[in-house]
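K.L.:
Given chain A's structure and the hints, the job is docking chains B and C onto it.
If you want the building blocks of each chain, they are given just below.
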Amino acid sequence: MVSVTEALPLRAPRLGLPVGAGVVGGYLSLIVLVPLAALAARAGDFSRVLSNPEAVSALKLTLGLSFGVVVVNAVTGTAIAWVLVRDEFRGKQLVNAVIDLPFALPTIVAGLTLLALYGPRGSSGINLAYTRAGVLLALLFVTLPFVVRTVQPVLLELDRDMEEAAASLGAHSTAIFRRIVFPNLLPAILSGVALAFARAVGEFGAVVLISGNLPVKTEVASVFIFGRIQSNDVAGAAALSLVLLGISFAVLLGVGALRRWATRHDRQS
Amino acid sequence: MIARVSLRAGVLAYLAAILLVPVGLVFWRTFEHGLHAPWAAISAPDARQAFWLTIEIALVTVPLNTVFGVLCALAIVRRRFPGKGLLNALVDLPLALSPVVVGLALYLLYGRAGWLGPWLTSHGVQVLFALPGMILATIFVSLPFVVREVVPVLREIGTDQEEAAATLGAGSFAIFRRVTLPAIRWAIAYGVVLTTARALGEFGAVSVVSGRIVGKTETLTLYVQDQYESFNTTGAYAASVLLALLAIGTLVLMTVFRPKEGI
Amino acid sequence: MRRIALLCLTLGIAATNAPAASKDTTLALVAYSTPKEAFAKIIPAFQATPAGRGINFTQSYGPSGDQAQAIVAGLPADVVDLSLAPDLQTLVKAGLVDKSWDKNAYQGIVTRSVVVFVVRQGNPKHIKDWGDLVKPGVEVLTPNPFTSGGARWNVMAAYGAQLRAGKTPAQATAYLTTLFHHVSVQDKSARDALNTFLSGKGDLLLTYENEAKLALAKGQAAYYVIPKATIRIENPVAVLKNSKNKAAAQAFVKFLYSTAGQRLFAESGYRPVNLRVIKSFNFPVRPWLFTIGYVGGWDKVEKQFFDPNNGVMAKIERGLGH
Chain A
1 MVSVTEALPL RAPRLGLPVG AGVVGGYLSL IVLVPLAALA ARAGDFSRVL
51 SNPEAVSALK LTLGLSFGVV VVNAVTGTAI AWVLVRDEFR GKQLVNAVID
101 LPFALPTIVA GLTLLALYGP RGSSGINLAY TRAGVLLALL FVTLPFVVRT
151 VQPVLLELDR DMEEAAASLG AHSTAIFRRI VFPNLLPAIL SGVALAFARA
201 VGEFGAVVLI SGNLPVKTEV ASVFIFGRIQ SNDVAGAAAL SLVLLGISFA
251 VLLGVGALRR WATRHDRQS
Chain B
1001 MIARVSLRAG VLAYLAAILL VPVGLVFWRT FEHGLHAPWA AISAPDARQA
1051 FWLTIEIALV TVPLNTVFGV LCALAIVRRR FPGKGLLNAL VDLPLALSPV
1101 VVGLALYLLY GRAGWLGPWL TSHGVQVLFA LPGMILATIF VSLPFVVREV
1151 VPVLREIGTD QEEAAATLGA GSFAIFRRVT LPAIRWAIAY GVVLTTARAL
1201 GEFGAVSVVS GRIVGKTETL TLYVQDQYES FNTTGAYAAS VLLALLAIGT
1251 LVLMTVFRPK EGI
Chain C
2001 MRRIALLCLT LGIAATNAPA ASKDTTLALV AYSTPKEAFA KIIPAFQATP
2051 AGRGINFTQS YGPSGDQAQA IVAGLPADVV DLSLAPDLQT LVKAGLVDKS
2101 WDKNAYQGIV TRSVVVFVVR QGNPKHIKDW GDLVKPGVEV LTPNPFTSGG
2151 ARWNVMAAYG AQLRAGKTPA QATAYLTTLF HHVSVQDKSA RDALNTFLSG
2201 KGDLLLTYEN EAKLALAKGQ AAYYVIPKAT IRIENPVAVL KNSKNKAAAQ
2251 AFVKFLYSTA GQRLFAESGY RPVNLRVIKS FNFPVRPWLF TIGYVGGWDK
2301 VEKQFFDPNN GVMAKIERGL GH
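From first to last, the protein sequence lines are chains A, B and C. Residues 1 to 269 (my numbering) are what the first sequence spells out, left to right. Residues 1001 to 1263 (my numbering) are what the second sequence spells out, left to right. Residues 2001 to 2322 (my numbering) are what the third sequence spells out, left to right.
Here chain A stands alone, though its shape is the one from the complex:
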């Protein structure tokens, strides 16, 4: 079905405010485009980044940890979404609301709360400060909501008929999940994973207190960049930033493509 707007002649009354793209473009340029252009211009030599062992370690560590985190999130996020949609228990609404806490809580506070439990004077007795496990924990905290929130709506809308039919034919519940439910959830899981990855790669506030910024061991890319800025080595900082930005951008484009693929049956041509 063709949208009404597209059927109208171009001289139809203009909808929306007569302000439009000019103001929007101007605002975006001032706030986003020009600063990023300054970043790109000052990036200097990329080979400097690649030849600096500390920068390379930070990048490798960041990518590795972020990948690990999203793998965990793919599993736990789906499990949490499943429990929130398919299960019933007292306090479920509260748990549902709490999932968004990492979105709302400032990252530095998140880091502090983790240290309260898992730090050197933490109440749990486990000290994860200055360890990769600590960094992983901080990243798990901030990426918690992503997969949950992309999978939940899909699960909600999922038609149960097929599952029930399979069950009545004697299929085991894990087989049902694997063969019927999971393929339907996969696009949503991947979507959430990509968003979580982009977030994990750039995370700073939650990580900065618990990681101790040990070069090679726990220093992630964002912390390394911060250090370079403080020393006024802006070329080095900008170069690594652009590499990081390139990776995040690629992931985002991938998400966009995934979303389009996942909803290809829903869109009207």
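In short, the hints are calculated from the structure, not lab data. Careful, some of the hints might be misleading.
With a Cα cut of at most 25 Å, we get these calculated DSS-like pairs of lysine-lysine [stated by the list, open to error]:
{"no.": "1", "chain 1": "C", "residue 1": "Lys2041", "chain 2": "C", "residue 2": "Lys2254"}
{"no.": "2", "chain 1": "C", "residue 1": "Lys2103", "chain 2": "C", "residue 2": "Lys2246"}
{"no.": "3", "chain 1": "C", "residue 1": "Lys2228", "chain 2": "C", "residue 2": "Lys2213"}
{"no.": "4", "chain 1": "C", "residue 1": "Lys2246", "chain 2": "C", "residue 2": "Lys2167"}
{"no.": "5", "chain 1": "C", "residue 1": "Lys2315", "chain 2": "A", "residue 2": "Lys60"}
{"no.": "6", "chain 1": "A", "residue 1": "Lys217", "chain 2": "C", "residue 2": "Lys2315"}
{"no.": "7", "chain 1": "A", "residue 1": "Lys217", "chain 2": "C", "residue 2": "Lys2241"}
{"no.": "8", "chain 1": "C", "residue 1": "Lys2241", "chain 2": "C", "residue 2": "Lys2036"}
{"no.": "9", "chain 1": "C", "residue 1": "Lys2213", "chain 2": "C", "residue 2": "Lys2128"}
P.N.:
Relative to the frame of chain A, chains B and C by itself:
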């Protein structure tokens, strides 16, 4: 049945270990000796200044991004123009960018050796290491939320009603005020809540552009870090609790305004 | 709605740039990471004097090297108090501080200290001297010499101590290499390093005597040992050339050198430069105390040790993997 209960238990245990217990512990540790110490900590002049600075930044950031968000959503959904793809990407970019990189970009633009820095300083305008820089950083990172919430709603409601109003002779501003705005107001509300939460909680980008000027360019989040690193755990926890309470308030509003599934 | 937003933005910018009322001056103090608590006492004391009445302060603290770079990048400053002279030279080179900053009665130095070893309670590893630092299993903490002024004092103290004990420069350099193989964390600033140590990491922290004293005074577990051979730390202070409140800034610096100011520094653990004040405080004298002049002076040392490409420390750091 067992599988269901154990899955539930597993999920709740994970949430407890990662999320609930740490946050609850900070509340506990802050108040375990009574209200006096945390209240004194949060009433300290530096803490109060940090709080008001954070509020001030949010009061500028949120309205600007809301107005921009609605205009941008209208442009994206209702107009055709070259570069719309780029616009979309730019709007989404702050979500994928590390906040430290945002700070760096501003540093490069407004610093003493930056493109705009020297010109602005010679006219008496200090951007970096001062309030305007922090506002710009906060606007950057909280840019996308209103746009992303309003766009799908605008798409969904279509243009029928607005066209009807236009054929009845209403001017475009009147159409916007009477037809479009009421339809998108809950999306705007939800977007505003998200934007506010992001603005209040910003840390990485303001870390870079703040200059660590105590009492002047220290937001509440920077104050938390400063207190923790100065051995003042009471001060750090008290400020954290305040921020956490603001976050919980945000959560409540999010739950109230969240776009209903399936509509 | 747009008008309101524009108004807010304008107000926001105006508020930050509003000229100070003619009666109230504001001085911007930019300092390294450790004197924050000292200035918390000194500034009110200055404001109580006739010269200081009506003068407000903004303060910024951070790693010495980084703070100097921030000022170069545009951080507003009237008075700067840094960890060591080379960081001030960065500002001289950028045209922000006058060349003659060190031509006063105190050579521009406002406080002194020494490098000490901070150890665990009871000193379980029996660390007394520099040789004990490189024994097997000893974990040493020091900040990163390329960001932290305190770290550069630590390095020169270690190097000079070897020379003082009769070693050759080559042997002293070899000692530095071994020492840094024992360093497990290199924080950005002296204050960060102290925090790391207090959080349980490491057996020993190399830092300023005043940092150790401050931590002890705050009830933290910072027991310290002063080695026989250590370096005299000297922290410079200066007024910026482009300061809009030069008279007020100079009055403040004068206060810092005065008996009253020096006494307050001493109470915060710093060794005063004012001779009258030194006498009333009990700072231990170390038999093999030496100054930066003993190891060649900062100009030579900066080039030889801390040049980011060819310096001794750059080579050592690269050998460590960073």
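K.L.:
State for each hint whether it applies.
P.N.:
Cross-check of the supplied hints:
1. C:Lys2041 with C:Lys2254: 16 Å, holds
2. C:Lys2103 with C:Lys2246: Roughly 17 Å separates the two Cα atoms, so the pair holds.
3. C:Lys2228 with C:Lys2213: 18 Å, holds
4. C:Lys2246 with C:Lys2167: Status violated; Cα separation ~47 Å.
5. C:Lys2315 with A:Lys60: Answer holds: Lys2315 (chain C) to Lys60 (chain A) is near 23 Å, not above 25 Å.
6. A:Lys217 with C:Lys2315: 20 Å, holds
7. A:Lys217 with C:Lys2241: 42 Å, violated
8. C:Lys2241 with C:Lys2036: Roughly 23 Å separates the two Cα atoms, so the pair holds.
9. C:Lys2213 with C:Lys2128: Roughly 18 Å between the alpha carbons, so the hint for Lys2213 (chain C) and Lys2128 (chain C) holds.
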